[in-house]
Structures are given as C-alpha cells and as structure tokens.
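Combine the two chains into a complex, taking the hints into account.
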Amino acid sequence: MSRIGLLSLQLLVAVVALALWQFFSTVPVFGKVWLPPFFFSTPIDVFSQVIKWFSTGVIWKHLAITLWESILAFVLGSAAGVAVGFWFARQPRVAAVFDPYVKMINALPRVVLAPIFTLWLGLGIWSKVALGVTLVFFIVFFNVYQGVKEVSQTVLDNGRMLGMNERQLTRHVYWPSALSWMFSSLHTSVGFAVVGAVVGEYLGSAAGLGYLIQQAEGVFDVAGVFAGMFVLSLFVVLIDMVVTLVERRLLVWRPQAVETQA
Amino acid sequence: MDELSAQAVALDDATVAFRLSDARTYTAVEKASLSVAHGEFVAIVGPTGCGKSTLLNVAAGLLRPASGSVKIFNRPLAGLNRDAGYLFQADALFPWKTALDNVAIGLEIAGTRRAEAHSRAQDFLVSVGLGAFAGRYPHMLSGGQRKRVGLAQVLIRHPKILLMDEPFGPLDAQTRQIMGNLLLDLWSADRKAVLFVTHDLEEAIALADRVVIMSAGPGARIIGDWRVPLARPRDIFEVRLDKEFHALHREIWSVLKAEVMKGYAQSTGGA
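These protein sequence lines map, in sequence, to chains B and W. Residues 1 to 262 in the numbering used here are what the first sequence lists, from first letter to last. Residues 1001 to 1271 in the numbering used here are what the second sequence lists, from first letter to last.
One chain only, chain W, in its complex shape (with noise of 0.2 Å):
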C-alpha cells in the first residue's frame, strides 16, 4: 500500500454503466483497476468501443463509477477532477476564440489579468510551434495545428494530471509522429502523469512507459500491464526501428489481437 500513496491516479475495481433507452443497463467497463503514478506515462489500448475513453471520463470526473473508487493524489475524486487537464479526441477549441483566446482563457477564467495571460499564451504557442498563428480562428488551423493549439491550452493550466483522448486519432499517419515527438519534447520538461488512450499499439509503445490492454467489450477489462522498457529520451521515429521495440510489440500484439477480433466480429456481427 506503500507505493499507492504517490499514485497520481488510482482506479479501484471501478465498473462504468449506462442506462440504455429501454430501461436496461450497459455495462460499458467491469472493475477497472489502474493506477498511474506521478510523473509516469501510462498508456491504454484496446479494440474499437471497448470504454478505454470511459475510463478516462472517469479520472476526469465527467463520469462517475457505479461502483468501485476513484483516488486522485490519494483523496477520493467528487465532482471534477481539478487536477486533471483533458485532451479531447474531438475538436474542443472555442470556434469564436482565435487560437491566442483559446489558449489564454484558461488562465482568463482562473483570474489572471487579460494582458498577462495572454502573453503567456503566446509563449506556449511558441512552445508548440504556433507561434505566427495566434490569430488565427480554428477553421483556418489544419486539424494538426488545432490539435497543438489544443495542447497549448491544456499545458497552459500547468495541470499535475494529463488525460489524453486518441488526441492525434484523426490526424495522417506523419503528423501524428512529429505530434508524438512534440507531446514527449513537452512532457520531459516536467514530467506529469499522463494516460494516453489510443488503439494505435506503436504509437502507444513508442510513447509510454507502461502499456495497459483492455478487452472487448461489453463489460472490459483490463487484462494486461507492460513496462516498456526503452530508454528516455525517444525519438518516435527511430524507436520504431528498435529491436526491444519489436520483441514488445509482438508480446502484446499476441494478447490485444484476439480483443481485437472479438471487437471487430461484434462491430459487424450485429450482436
């Protein structure tokens, strides 16, 4: 019990379900348990569907639990999870802010002077290579630009906890990497907890210090926990060429793929 008290966040046999139109309930995710500690990258795979982004909801605060707990920095999360910043899959930005507003308004919001916090929202464009684009409105950003002004945003709070949905999910297959690259540039320099969602098994690798697979759903699991054990700092590029990287890779791929077709055949099946 010892090694949980620096646990950033702690899922506790968490089960998620859902009310469904005709009064059954779904049971999206079945006692979850993971932690994540302070200052580690952890990342979650799994099929299509499974509740890996529920499970996120739930660190969040934006979902509670049916049953089960959840801990963040050892206090039972009620309500928000104010710790926590929250990268959404999709477009979240302000359409009505131009990428400086967006950036700035949640400093704005927390009580800091306009002229102050919008200064400082320039420097984190700068940070993430934005930095002729602070007035630009959304629609004029590609979908890579707002992903960046949307990590801007979130960093800009300097929250303790970074809860990552498929951020780069719809992004091309290059820009997702220099996307990785940056996202590792960003959280070397103070190295927050991170859980990462995504079903892209060699981005999450490439990228984490632990790989968590999750089953199909209904009713997922968490069935599996590896250590990556490649060294710091990563090249996204060149990790892919590692032999530790393909040894692991084949290790876990041998575990998610039967999830995955379980996945696939209930995505097309009609069950």
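Here chain B stands alone, though its shape is the one from the complex (with noise of 0.2 Å):
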C-alpha cells in the first residue's frame, strides 16, 4: 500500500469514529440519544475545549510541568538503573543478597507508593519525580543487570587475548552492552516516566496534564477530561518519536533498530 492510501486509510478510522461519536450524542434514534453528552460529551466539545486551552496559553504550563517531571524521572531513574544494575551484575554477591528486596519492591504496585511521596516531598513536582524514579529504575536495572551478565564470552575472550585488563574490559566491552540494553528499553522507560508523572499529578498536584484531567473530573466536565486525555495522547506520541529518532542514533551500529511498539 502506498503512504497516501495507508494515510488515508488511517484519518478515515479517525473521521468515522469521531462522525459516529457526534452523531449518537446530539441526535435522537429511536428516540433516545444514545451516547449522552453529559457522560460522553462530543468531539466539538472536546475539541473546542483543546483549542481553548492552546489559545489561551493555559496548557503550556501543565505540558512544560509534566514534560520537566518526565524528564527528571527518566534521567533519574536510568542513571540510579544502570548504575545499580551494573554494580550487580559485575558482583554476583552483592546481588545474591539483595534479591529478594528487589523482587518485592518490584512487586509492589507503584501506584500506592504515591500518598507517600506526596507526603515526603509535598505537592510539587519532587513527588511525582520520585514516582516516575521507581517505574523507570526497575526497566532499566532489569535490562542493564541482563545485558551485562550475558556478554558474549567470545567477546570477553577476545578482549582478555587483546591485552585488555578488567578496567578496560569495563570501559570496552560491559560499559558498552549495559548502555545498549538501556537504549533498546528507551521506548518503555520513557513510556513509564511519563505515566509516573501524570498518575501523580493526577493523585494530588497543583499543575501538570494528570492535574488538569483530575480538576476536569471533579466538576463533571467530561469535555474536560476528554481533551486533557487527548492532548496527553499528543504528548506521549511527540515524545516517542523523539525517542525514535535518538534510537537510530545511539544504536547505529545494532542489526535492526527496535521497532516502535505503538
């Protein structure tokens, strides 16, 4: 199939779905609206309200608060994962011991660890930074600890045969493959800092997109949250592809670079 006709293809699912949308909750069948508007809203509500939001300058501040606290949460959490994971990795002893704490944490459902940070750090940005910290680090400690332990014994053999000594094995050889296991789950940590900043806004904040949805659903403005759902959407896709095209980059030498799983 061509670019255009896949194109065309793909804005017609989004013109019939939203045609649908507006038809079932503005006109009578039957002689009942089907999709009330007070529960469902309709996509000129919705849109209109997005375009509001952009003419009036409103949403900048809760995108620049969610996507600072999104980054924040991603540098954190990758640099505490690799720094962590590669500690374990190189010492198996250190990692026996630790296990069982790492599995139960990793256990534990982040979400409930929220009231606690809001609790810690207050209502500002910090909280949902920590949040994010504790989704990120675990993807990438995981694949950075997996991606140092599995190095190619050729490749170590061929390092060791080279002259190398166990600092430059480190610099050459695991430093490298512990880098590449965090690029290749760059799609799924940025994803998740992302969902930690906005599940904490949205649980208790005084700005960012979670606290626009959370204040749209108090008033029952279900127009409200529809937009601030769409705008997150927008947001998360932007930044994927940003992650995208920074792959490519930093994995030019892999065989395929890991395709985006949408």
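In the SDA-like style, the derived pairs of lysine to any residue whose C-alpha atoms are separated by at most 25 Å in a straight line are: (1) W:K1097 <-> W:Q1145; (2) W:K1097 <-> B:T154; (3) B:K149 <-> W:P1095.
Since the hints were made in silico from the structure, they are not lab data. Just so you know, these numbers come straight off a predicted model, no measurement behind them.
In structure tokens:
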C-alpha cells in the first residue's frame, strides 16, 4: 500500500469514529440519545476545549511541568538503574544478597507509593519525579543487569587476548553492552516516566496534565477529561518520535533498530 | 632437548578435564604433547568435538590443564598468553565499534595515541583488503569481511604466536580458499608460529608445515604428526592439484577416517 493510501485510511478511521460519536451524542435514534453528552461529551466540545487551552496558552504551563517531571524521572531513574544494574551484575554476591528485596519492591504496585511520596516531598514536582523514578529504575535496572551478565564469552575472551585488563574490559565491553540494553528499553522507560508524572499529578498536585484531567473530572467536565486525554496522547506520541530519533542515532551499530511498539 | 629451546609453544603431557554438573569429570584431552617451533605453521585436525579448541585454549592460557605443562618460549605459562593473538571461531568483534575501531583497539589499550592507532589500523585494513570499509560496523560486513577484520585486529599487535580456531569454518568454500591465501600472504611476511585448528584436512595440508591428528574424544590424544613437504610460497588453489598433496592426503585420511567415524558414532549414538 502506498504511503498516501495508508495515511488516508488511517485518517478515515478517525473521521468515522468521531462522526459516529458526534452523531450518537447529539441526534436521538429511536427517541433516545445513545451517548448522553453529560457522560460522553461530544467531539466538537472536546475539540473546542483543546483549542481554548492552546489559544489562551493555559496548557503550556501544564505541558511544561509534565514534560519536566518526565525528563527528571527518566534521567534520574535511568542513571540509578544503570549504576545499580552494573554493580549487581559485576558483583554477584551483592546481587544475591539484595535479590529478595529487589523482587519485593518490584512486585509492589508503584501507585500505592504515591501518597507516601506526596507526604514526604509535598505537592510539588518532586513527589511525581519520585514516582516516575521508581517505575523507570526497575526497567533500566533489569535490562542493564541482564545485558552485562549476558555479554558474549567470546567477545570477552577476545578482549582479554587483545590485552585488556579488567578496567579496560569494563570500559570497552561491559559498559557499551550495558548501555545498549538501556537504549533498547528506551521506549518503555520513557513511557513509564510519563506515566509516573501523570499518575502522580492525578493523585495530588497543583499543575500538569494529570492535574488538568483530575480537575475536569472533579466538576463532571467530561469534555475537559477527554481533551486532557487527547493532549496527553499527542504529548506521548511526540515524545515517542523523539525517542525513535535518538535511538536510531545511538544504536547505529545494531543489526536492526528496535521497532516502536505503538 | 636442544631442539626444544626454540619452541614457541610446547605442551607436555597436557590433560584437560572439565567438572560436569553432576560432579563427574569429563576428560577432554589426555596427555597431549605438542610443540610449535618459531616460525612454524602447525595445523591440528580431528573429528568434531575432539578437543582441538580445548588444546588451543590451553595454549592461549584461557584454560589451565589439570596436569602436564605449557611452555611459551621456554617459560611456563602463567595466566594469559601475552605473546599470542587468538582468532576465534565465533564472531568476536566488538559489535559497537566500527571496523577501524575494532582493529585499533589492541593498540589503544596498550597506550598508543588514538590518531596513531587509527592510522596504523587503516593500514592493516588495507592489507586485508578492507580499506574502504573502515567506517562499517560488524553487522554491515559479510562473514568473510568480518574474519578479515578479525585477522587485522589480531595481527596489528604483532603477536609472536598466532592461535586460530577454525577461523574460516563458517565461510563458504571459495571464501575459505581466498582467506587461506590471504593468511599465507600475511604470514609469509614475518613467519609467526601458527597453531591452526580445523576439521578440514585439505585446508590443513594446503596451509601448514605440519599436520597433527587428534583422536575422537573423550580423552582425545594426538595420534599422528606429518610434515608437509610442499614448497612455499603456495597457492591454495594450485596446491590441491599437486601429486604430493594427494599422496599425503590419502595417507593422513587413512588414519583420520577411523577417528571421524568413531566421533560420528558417538555424536549420533547418544552414548
């Protein structure tokens, strides 16, 4: 299928879905409106809400805060995940000691930590960053841990035979291998950074996309909720595109770049 | 014993055993004695799974024999063999480095400045016929090209001993012959001691000064040692048509065949 053909079919799906939504939420069929606007709003209302946010500029502040929280959560979580994953993989004894605790914390649904973080760090951005960090950390940690442990024995032997000492093996073999595993989990970890930020905002904050959605929900403004979700999904798609670009750049030596999972 | 003093590699009664998961031991190689003189090209041939690679790993210092001794230039080997370059059977290039960086790394870790290491690496890439591929990553190269990079990676450090573990095994027949000729060309320039493991008898005779035959494992032994009387420089394509080549091939094959059949029976019989 040609690019244009595919694109027009994709657009058609959106148009049909929106048209059905608009129709059933405004026109009575058999004497009944099947999607009452109080519960479902209408595409036109949702769209005008989005336009209003962007035209008045209200949205930018919230977007910036959510973006900032996501970036901080991603950077801090990844840094910690790489460091600890690397350490554990190179020190099997440390890994063995901490293993049950890592499993315990990872098994915990992270959302229950949100109130604790709010209590400790307040309603500002740091409680959201903390929540995102707990999500990102484990993804990166497990990937890096696995990556370092599964470095090809032949490549290691080759490094040794070429005269590398342990420090040089770390720099030229273990480290690039660990980073490549971190990069290959980039989509997932960036996604979770955003989830941490938005869920944190939703559970208690004064700004951000999660806050917008929560506020709208609080006053039964269904159009506002949908508008918030729409902006959020655009935001995530944009971030994902940036991640794909970064990934292509970083993993140029990989046989095939990891495909984006939608 | 005088003759021994010039040996680049000397294994004496080396036995290599592995501990299996159920606490039994598996003896891979039993009492192998083998020496490679300075500048000599020795090929080890044996059935699959007979412990040829094990013997090579012992010479490299990657494995320690359970008993017996390993001497490198008359000194007992402790730890890794720093005089040896090792060309592995499997892909051993660093996948995150370009061909140029893969070749230069051996110099860089020894303290050569990056620019200097790169310019020498480029020369080596040219010598293996890959001058135009310096910027490619390993996955962008064919199997034969990767072996060329591997060869340059090992040779740039000018090792006194070259250990090769079925280096051309995964390549197709024509590429193997081309690589064999390339290897002989590069080797004739400075005549390192070479220990070359292969399961291909023709390849062994065509390349080597001496062909050593191993028996089927477990407890593989060295059961034959032939000198190859073919003149150098050789051309791998031509040498196979030589009468002496055929006579030697027949003679060695008569010994090797029984071992190959034994090895084959073991690998299929589920012993």
